[in-house]
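Note that the sequence shown covers residues 527 to 799 in my numbering.
Watch out, some of these pointers could steer you wrong.
Dumping the calculated SDA-like pairs for lysine to any residue here, alpha-carbon to alpha-carbon at most 25 angstroms [claimed, not checked]:
| hint | residue 1 | residue 2 |
| --- | --- | --- |
| 1 | Lys-641 | Gly-630 |
| 2 | Lys-779 | Asn-796 |
| 3 | Lys-575 | Glu-697 |
| 4 | Lys-779 | Gly-568 |
| 5 | Lys-641 | Ser-728 |
| 6 | Lys-779 | Leu-616 |
Ranges of calculated distance between the beta carbons of each label pair, as one might list FRET restraints [what the hints assert, rightly or not]:
| hint | residue 1 | residue 2 | range |
| --- | --- | --- | --- |
| 7 | Glu-697 | Pro-719 | 21 to 29 angstroms |
| 8 | Pro-632 | Glu-697 | 19 to 27 angstroms |
| 9 | Asp-704 | Asp-766 | 31 to 39 angstroms |
| 10 | Tyr-676 | Lys-709 | 50 to 58 angstroms |
| 11 | Thr-706 | Ser-576 | 14 to 22 angstroms |
| 12 | Pro-632 | Arg-780 | 36 to 44 angstroms |
| 13 | Thr-655 | Gly-773 | 41 to 49 angstroms |
| 14 | Gly-577 | Gly-651 | 41 to 49 angstroms |
| 15 | Asp-766 | Arg-717 | 19 to 27 angstroms |
| 16 | Ser-770 | Leu-653 | 17 to 25 angstroms |
| 17 | Glu-703 | Arg-663 | 26 to 34 angstroms |
| 18 | Ile-565 | Glu-674 | 37 to 45 angstroms |
| 19 | Arg-578 | Thr-776 | 14 to 22 angstroms |
| 20 | Asn-647 | Ile-565 | 46 to 54 angstroms |
Simulated from the structure, these hints should not be mistaken for lab results. Every residue gets a Cβ at the ideal spot worked out from N, C-alpha and C, and that includes glycine.
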Amino acid sequence: MEPRILRDRSQYNARGSKTSLFLDRKYRVSMASPRDMDIEVGEAISAFKSGRPVMIYDSDYREMETDLLWHAAAATPEVIRRLRNDCGGLLFLAIGNEIGEMFGLPWLQDIHSHKSLVEENPVLGHLVTNDLQYDSRSAFTLSLNHRETYTGITDRDRSLTTRRFGELSGELIEKGEDGTRAKERLGEEFRTPGHIPVCRESPGGLKTRQGHTELAVSIARLAGLAACTIGAEMLEPDGDGALSLEGARTYAKRHGIPMITGEQISTIFNEKD
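Please put together the full structure from these sequences, using the hints given.
Next comes the structure, spelled out in structure tokens:
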């Protein structure tokens, strides 16, 4: 079943206000007509499928951030360089839950709260994630480096790690590879820790979590690609806050990049259900 948004899903935004994400009309980002929305999403899907970037603004009442995104398999060194120079936020690799399950990649939040690990490493108990202001769960799983990288941090190294992860994921999904062999293939090419932080989609997708990870993998699915997307949050030039919605739209227009919102994506999956 295609993921859809849960209609009574509520969250607290960065300002402390309780909201129902993407659903309450008075909180929605001002957008064009449904026909124009279809055109915007269609342009974004076409661009993403052809290896070009898209931009996604999450919501006025979540993190109020815009991500610049490419499909992982399209991650050239130039793509990594642009994410690093133009965005300013953390580079992250968003993967679909099916990919995380195939490779057996655990959520760090679960690892860090595991009883035996906390007993062995008491500091984990003091660092427990229990006060996120934008969600109840963190999407981070393991970080990776490709085994052919040197330090893993250069644009070329991060490109290799990202691109090969995307290619391998697509290859194994197409073959229907079982979990054991998939984990072996992952270990043959990658090691952890590394310089590409990986974020795994919530098991329920957009119906349980409307985060950047879920939105990023959703555009890949809409494009018919493996749910594996590289991106970064866009910050203001001084780094003190997320790039404004107006600033993001200006950047998108200047560079000819399709820009859509979390609501537009969620609406599509809601209709598909």
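The hints, checked one at a time:
This hinted pair checks out: Lys-641 and Gly-630 have alpha carbons roughly 19 angstroms apart, not beyond 25 angstroms. Distance check on the hinted pair: Lys-779 and Asn-796 sit about 28 angstroms apart at the alpha-carbon level, beyond 25 angstroms; violated. Simply put, Lys-575 and Glu-697 have alpha-carbon atoms about 16 angstroms apart, close enough for the 25 angstroms limit, and the pair holds. About 16 angstroms separates the Cα atoms of Lys-779 and Gly-568, which keeps this hinted pair within 25 angstroms; it holds.
Among the hinted pairs, Lys-641 with Ser-728 is consistent with the structure: their alpha-carbon atoms are about 22 angstroms apart, no more than 25 angstroms. For the hint linking Lys-779 to Leu-616, the alpha-carbon distance of about 23 angstroms falls within 25 angstroms, and the restraint holds. The given range of 21 to 29 angstroms is respected by Glu-697 and Pro-719, whose C-beta atoms sit roughly 24 angstroms from each other. Roughly 23 angstroms separates the CB atoms of Pro-632 and Glu-697, a value that falls within the hinted 19 to 27 angstroms.
With their beta carbons about 48 angstroms apart, Asp-704 and Asp-766 fall outside the hinted range of 31 to 39 angstroms. Evaluation of the 50 to 58 angstroms hint for Tyr-676 and Lys-709 yields a failure: the beta carbon distance comes to about 25 angstroms. Our hint of 14 to 22 angstroms for Thr-706 and Ser-576 is violated, since their Cβ atoms are close to 35 angstroms apart. Checked against the given bound of 36 to 44 angstroms, the beta carbons of Pro-632 and Arg-780, roughly 40 angstroms apart, stay inside it.
Restraint check, Thr-655 to Gly-773: a C-beta distance of roughly 30 angstroms breaks the suggested window 41 to 49 angstroms. Range check, Gly-577 to Gly-651: about 45 angstroms between beta-carbon atoms, so the 41 to 49 angstroms window is met. Remark: the range hint 19 to 27 angstroms for Asp-766 to Arg-717 is contradicted by a beta-carbon distance near 35 angstroms. About 32 angstroms separates the C-beta atoms of Ser-770 and Leu-653, a value inconsistent with the hinted range of 17 to 25 angstroms.
For the hinted restraint 26 to 34 angstroms between Glu-703 and Arg-663, the CB-CB distance of approximately 28 angstroms keeps it satisfied. Checking the proposed 37 to 45 angstroms range against Ile-565 and Glu-674 shows it holds: the Cβ atoms sit about 42 angstroms from each other. For the pair Arg-578 and Thr-776, the beta carbons lie near 19 angstroms from each other, so the given range of 14 to 22 angstroms is met. About 52 angstroms separates the C-beta atoms of Asn-647 and Ile-565, a value consistent with the hinted range of 46 to 54 angstroms.
Hint check: violations occur at hints 2, 9, 10, 11, 13, 15, 16; the rest are consistent with the structure.
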